[in-house]
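**Student:** As a plain string of letters, each chain reads:
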Amino acid sequence: MSELTLLLIRIAYLAVLWIFVLSAISVIRSDMFGARVPETARTPEPRGREPKAKAPSKRRGSPTHVLVTEGANAGERADLAAAPVLIGRGSDAAIRLDDDYVSTRHARIAASGDQWFVEDLGSTNGTYIGTVRITQPTTITLGTQVRIGKTILELRK
Amino acid sequence: MSQTTGNPILGFVHRRRRGAELFLLVLALAVGIGAYAAVGVGVEGAVPTDLIGYGGWLAALVVGAHIVVRLVAPYADPVLLPVVAALNGLGLAVIHRLDLTEDTGFAAQQLVWMTIGVALFVGTLVLLRDHRILTRFTYTSGLAAIVLLLMPMLPLIGNEVRGARIWVRLGPVGMQPGEVAKVLLVIAFAGYLVLHRDALALAGRRLLFVDLPRGRDLGPILGMWLISLGILVFQRDLGSSLLFFGLFLFMLYVATERAGWLVVGGGLFLGGALVAWQLFSHVQTRVNVWLNPFDYYGPGTNDSAFQPVEATFGMAWGGLLGRGFGGGDPGRVPFAESDFIMAAIGEELGLTGMMAVLVLYGLIVERGLRAALISRDGFGKLLATGLASVFALQVFVVIGGVTGLIPLTGLTTPFLSYGGSSLVANWVIIALLLRVSDLARRPVPELTTADDDAGDQDTQVIRVAR
Numbered sequence: 000m001s002e003l004t005l006l007l008i009r010i011a012y013l014a015v016l017w018i019f020v021l022s023a024i025s026v027i028r029s030d031m032f033g034a035r036v037p038e039t040a041r042t043p044e045p046r047g048r049e050p051k052a053k054a055p056s057k058r059r060g061s062p063t064h065v066l067v068t069e070g071a072n073a074g075e076r077a078d079l080a081a082a083p084v085l086i087g088r089g090s091d092a093a094i095r096l097d098d099d100y101v102s103t104r105h106a107r108i109a110a111s112g113d114q115w116f117v118e119d120l121g122s123t124n125g126t127y128i129g130t131v132r133i134t135q136p137t138t139i140t141l142g143t144q145v146r147i148g149k150t151i152l153e154l155r156k
Numbered sequence: 000m001s002q003t004t005g006n007p008i009l010g011f012v013h014r015r016r017r018g019a020e021l022f023l024l025v026l027a028l029a030v031g032i033g034a035y036a037a038v039g040v041g042v043e044g045a046v047p048t049d050l051i052g053y054g055g056w057l058a059a060l061v062v063g064a065h066i067v068v069r070l071v072a073p074y075a076d077p078v079l080l081p082v083v084a085a086l087n088g089l090g091l092a093v094i095h096r097l098d099l100t101e102d103t104g105f106a107a108q109q110l111v112w113m114t115i116g117v118a119l120f121v122g123t124l125v126l127l128r129d130h131r132i133l134t135r136f137t138y139t140s141g142l143a144a145i146v147l148l149l150m151p152m153l154p155l156i157g158n159e160v161r162g163a164r165i166w167v168r169l170g171p172v173g174m175q176p177g178e179v180a181k182v183l184l185v186i187a188f189a190g191y192l193v194l195h196r197d198a199l200a201l202a203g204r205r206l207l208f209v210d211l212p213r214g215r216d217l218g219p220i221l222g223m224w225l226i227s228l229g230i231l232v233f234q235r236d237l238g239s240s241l242l243f244f245g246l247f248l249f250m251l252y253v254a255t256e257r258a259g260w261l262v263v264g265g266g267l268f269l270g271g272a273l274v275a276w277q278l279f280s281h282v283q284t285r286v287n288v289w290l291n292p293f294d295y296y297g298p299g300t301n302d303s304a305f306q307p308v309e310a311t312f313g314m315a316w317g318g319l320l321g322r323g324f325g326g327g328d329p330g331r332v333p334f335a336e337s338d339f340i341m342a343a344i345g346e347e348l349g350l351t352g353m354m355a356v357l358v359l360y361g362l363i364v365e366r367g368l369r370a371a372l373i374s375r376d377g378f379g380k381l382l383a384t385g386l387a388s389v390f391a392l393q394v395f396v397v398i399g400g401v402t403g404l405i406p407l408t409g410l411t412t413p414f415l416s417y418g419g420s421s422l423v424a425n426w427v428i429i430a431l432l433l434r435v436s437d438l439a440r441r442p443v444p445e446l447t448t449a450d451d452d453a454g455d456q457d458t459q460v461i462r463v464a465r
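Here the protein sequences come in this chain order: E and F. To convert, note that position 7 of the first sequence is 6 in numbering that gives the first Met the number 0; the numbers rise steadily by one, no gaps. To convert, note that position 165 of the second sequence is 164 in numbering that gives the first Met the number 0; the numbers rise steadily by one, no gaps.
For the record, the hints were derived by calculation from the structure and aren't laboratory data. Predicted model, so just to flag it, every value in this text is computed and none were measured. Watch out, some of these pointers could steer you wrong.
[Unchecked claim] In silico SDA-like pairs for lysine to any residue, Cα to Cα no more than 25 Å straight-line:
id	chain 1	residue 1	chain 2	residue 2
1	E	K149	F	G63
2	E	K156	E	T123
3	E	K149	F	A198
4	E	K149	F	L201
5	E	K149	F	L194
6	E	K149	F	H195
7	E	K149	F	R135
8	E	K149	F	R375
9	E	K149	E	L66
10	E	K149	E	G125
11	E	K149	F	T134
12	E	K149	F	D197
Take these sequences, add in the hints, and give me the full structure.
**Tutor:** In structure tokens, the structure reads:
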């Protein structure tokens, strides 16, 4: 095998190696430049707060606020117009709970279309609907009892 | 660890990118099989006769893994699997090249181990549909990891190889339990920290700009420090000791967002390292070889620096573009197929090839941390962070050691080195990372329309996307 062939093979192999590396990087370039958000999701409103919060309330019998029904903070409420409603022990939470079993940013209640749902934000002790610990955003309706630590919350009209 | 996930309710959906994965896999196969063919041409002067069989087997493994990912983890990260396939293929080719000069048969064995690794990868993805199940095994896996770490110390099955007591020999099969233990330790730490991170982060007092944790919260970190010191003292394994302690420190830092832990842990590590350096001759030898390699090389010395010095010669000879497969003499370095495989790559593929390999490792770590960032649950975040930092630490420790940046410690280069336990454990790590990223990128399932009369709350349907 001639010296030139070996040199060409060597350079060709390094080229293949780098072509692979660069294609792998180009597949994940959206990490750097941001991902495309589909047109349908973008057009209504970028933050999605006002319309999404108001859309459900137009319907008859839709919930208007979240009420703490049991626990140390019973009676506290938050308006759903300011959705998403953050629940936790931290000072930025819309419903601040003084409950040792509640994480700083514990859960969130938000709207999608006509429905409201509760999403656990990676809390320590979990968010329960009934006796079931939720693992992903779960629909709640009027009167569904959402348990967070020793506190129970409900959607109310 | 703040929850900065994009609002999933907004309607942004990650694309599956399985086509991109397949395209990258074809390129990865070109990297692996091309290296094998180049080795044949360079060393023996002809394309190897079994190229089709070898390439077919490699392609079957990789495509099989791809199909399983398509079926059970459709939203998983598209880059991880191809990068791993390329590294593994390149490693096989380099081991094969060393086999040809040294007349050993490591490459065939490594291919068997790769097959087992891919089988476990597939098994992990199929059986583990949700990584959160692993939180149930927090303490079980922690205990199992400690048992595995102690196994080499047992009289009958423990086995000392080249001064490090990290081997277990059960009949004909030898394994390094530490490689399996590192995966279990990540699971245990993630499960422990996700429960206790509030206590670790919020309690404590401030001293000289550093948030120090409470005394009683120091328990686990002191325990981990003692375990890694024990590995250092009794098993004489510098690399693993550094790996486990560093891993724990990274995960504590990520879980609590307190830089104080890094200060405390770094201080503990430095103290432990200094004491170990004072007390143990093998640590002193390593440091001396690192500082003055040429005092321990050549006739008239005990030649304890022979391996790193030959590796440095090899890499220098390789230069920018390398000698080409078959053009170098990587067989001069003892154990070039395991600990020093990066030296062989540096010699025959040059700095250009070595940089490519390093970038590939960087990509694996980046994808792991990316999965952690977009993961929706705390356990998944910590698990992915831990697995990515195991990878980063191991690559740093071993490649830093081979290139002379830090004192040399014995660890395998993930996916490249010859070694069954390490290869299999790393394939499982990749499967876990793919599982976390699959759940993180998967869109929130569409929820069933609740009826207005809300009469059936007790039987509410929670639809799970599969």
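**Student:** If you check each hint against the structure, which ones fail?
**Tutor:** Checked against the structure, the hints that fail are numbers 1, 2, while the rest are satisfied.
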